[in-house]
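Build the full structure now, drawing on both the sequences and the hints.
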Amino acid sequence: MKDFKSRLFSSESRLSDLITAHPSLLTLLTRLGISLGFGDRSIADVCEASGVDTSFFLLICNVYTFNNYVPSTATILGTDMTGLVPYLEKSHKYYVEKRLPHIERHLDSIAQKLSGRIGKVFISFYNEYKHEVEAHFLHEENDVFPHIRALMAGECDVTYSISDFLQSHSDIEGKLNDLLNIVFKYLPPQVDDDNVLDVVYDILRLSEDLKKHTFIEEKIMVPMVKHLENAILK
Amino acid sequence: MKQRLLIVEPSEVIIEGLKGILDGQIRFKVLEPEMSADNLEERLLATRPDIVLVNPTLVSNISRLRGEHALALVALVYQYVERDVLKNYDGVVDIRDSRAVIIETLAQASPAAEERSKNNYELTKRETAVLVQLAQGKTNKEVADALNVSVHTVISHRKNITHKTGIKSVAGLTVYAMLNNLIDESSLL
Chain A
51 MKDFKSRLFS SESRLSDLIT AHPSLLTLLT RLGISLGFGD RSIADVCEAS GVDTSFFLLI
111 CNVYTFNNYV PSTATILGTD MTGLVPYLEK SHKYYVEKRL PHIERHLDSI AQKLSGRIGK
171 VFISFYNEYK HEVEAHFLHE ENDVFPHIRA LMAGECDVTY SISDFLQSHS DIEGKLNDLL
231 NIVFKYLPPQ VDDDNVLDVV YDILRLSEDL KKHTFIEEKI MVPMVKHLEN AILK
Chain R
7 MKQRLLIVEP SEVIIEGLKG ILDGQIRFKV LEPEMSADNL EERLLATRPD IVLVNPTLVS
67 NISRLRGEHA LALVALVYQY VERDVLKNYD GVVDIRDSRA VIIETLAQAS PAAEERSKNN
127 YELTKRETAV LVQLAQGKTN KEVADALNVS VHTVISHRKN ITHKTGIKSV AGLTVYAMLN
187 NLIDESSLL
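Residue numbers (the working numbering), protein chains in the order written: chain A, 51 to 284; chain R, 7 to 195.
Any given hint might turn out to be false.
[To be verified] Facing chain A, according to a computed beta carbon distance under 7 Å, are these residues of chain R, among others:
1) Gly23
2) Ile68
3) Ile173
4) Lys174
5) Val181
6) Leu185
[Claimed, not checked] Taking CB as the label site, the calculated pair distances span:
7) A/Ala124 / R/His169: 36 to 42 Å
8) R/Ala52 / A/Pro273: 55 to 61 Å
9) R/Asn94 / A/Gly128: 50 to 56 Å
10) R/Leu188 / A/Gly89: 53 to 59 Å
[Stated by the list, open to error] Derived PhoX-like pairs: lysine-lysine, alpha-carbon spacing no greater than 20 Å straight-line:
11) R/Lys8 / R/Lys93
12) A/Lys235 / R/Lys165
13) R/Lys170 / A/Lys235
14) A/Lys261 / A/Lys170
15) A/Lys170 / A/Lys140
16) A/Lys235 / R/Lys174
17) A/Lys140 / A/Lys262
18) A/Lys148 / A/Lys180
19) R/Lys174 / A/Lys261
20) A/Lys143 / A/Lys180
21) R/Lys93 / R/Lys35
22) A/Lys163 / A/Lys235
23) A/Lys269 / A/Lys140
24) A/Lys180 / R/Lys174
25) R/Lys8 / R/Lys35
No lab work stands behind these hints, which were simulated from the structure alone.
Built from N, CA and C at the ideal position, the CB exists for glycine as well.
And the structure:
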């Protein structure tokens, strides 16, 4: 863990330096409530101006950037997590409204080049995946997030426990990986066009993003909620 | 060529039972059994078995065994062993299995070793047969019955199929099977 500490981002760095070094973090900014046009201000200044807790912002950026970084319980409990649920909700919206439609458009053009039945099976495979993801998100939005909001407001909500969450937390990247393999390895040569390349990049990006999303839910959200549940039940 | 089989198992009763089943088989040459895993790595280097039938409770790090040698690892179980442990093996022999099932499991596991050493990513005939059945919506149990093999064997074929294609879900495998003309479109309905 020691070597991480020296590499993790600090609040005095310029936000623009952080983005230049790790451009993929750019897609996180809106979800975290920060608009572009932040000029040369430091991370702390931009966060303050946008009403985002700096340590929460850094925690998410660090998780996205360093693959082996697992924040300690002390770090999690020492961070203002008010922004967590809104961030997760915005991420869901981003996946469902921005990323998936992108992928779907490409897959539709690919399917048109496949022979009738195969095209249909191909698209229905994707649709099945999309419905699984939507159901997965919906469950979190309807059951898990209200539970967390109640706990954070100091209410004792015993109808749901976060330990149910881990048990039922389903894998939403597996089928995406299947789709990736099908698209770039097994499609017949006649569909070899820009759509295939575009969708491969889109899938890879979404898959990486979802991995981090799952990580944040399981390694940050769950320990935090367990702590809140214990504190309230005592 | 006979497959060289090494049994790693502490119980003499079980070793003798297995030898009784396997000795008469032309497919296998049973090597001198090992009763503990203490010198297993040396033993593997010295005797170069094709298949190791091993009690999973004896080995803590199975991937280390596999790393060095092109061999099939088959778990020998007679008590509860966690699924996560078993998934690292190429097959599972339960001592309550019948003679025929034990032989079939070992025979099915051994091509895995040949393939690994050849780095062959083509699906074998058997794997293709399993894939086609799965794509038709059959469960592991139904595939096992249809092909006359054990459920463990079907699972180990599925593992190999996924390893080769990178596709895990049945729905994904169905798309793969169609794209490769392995299934008749009408058989899906």
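Hints violated by the structure (numbers, ascending): 1, 2, 8, 9, 11, 14, 15 and 21
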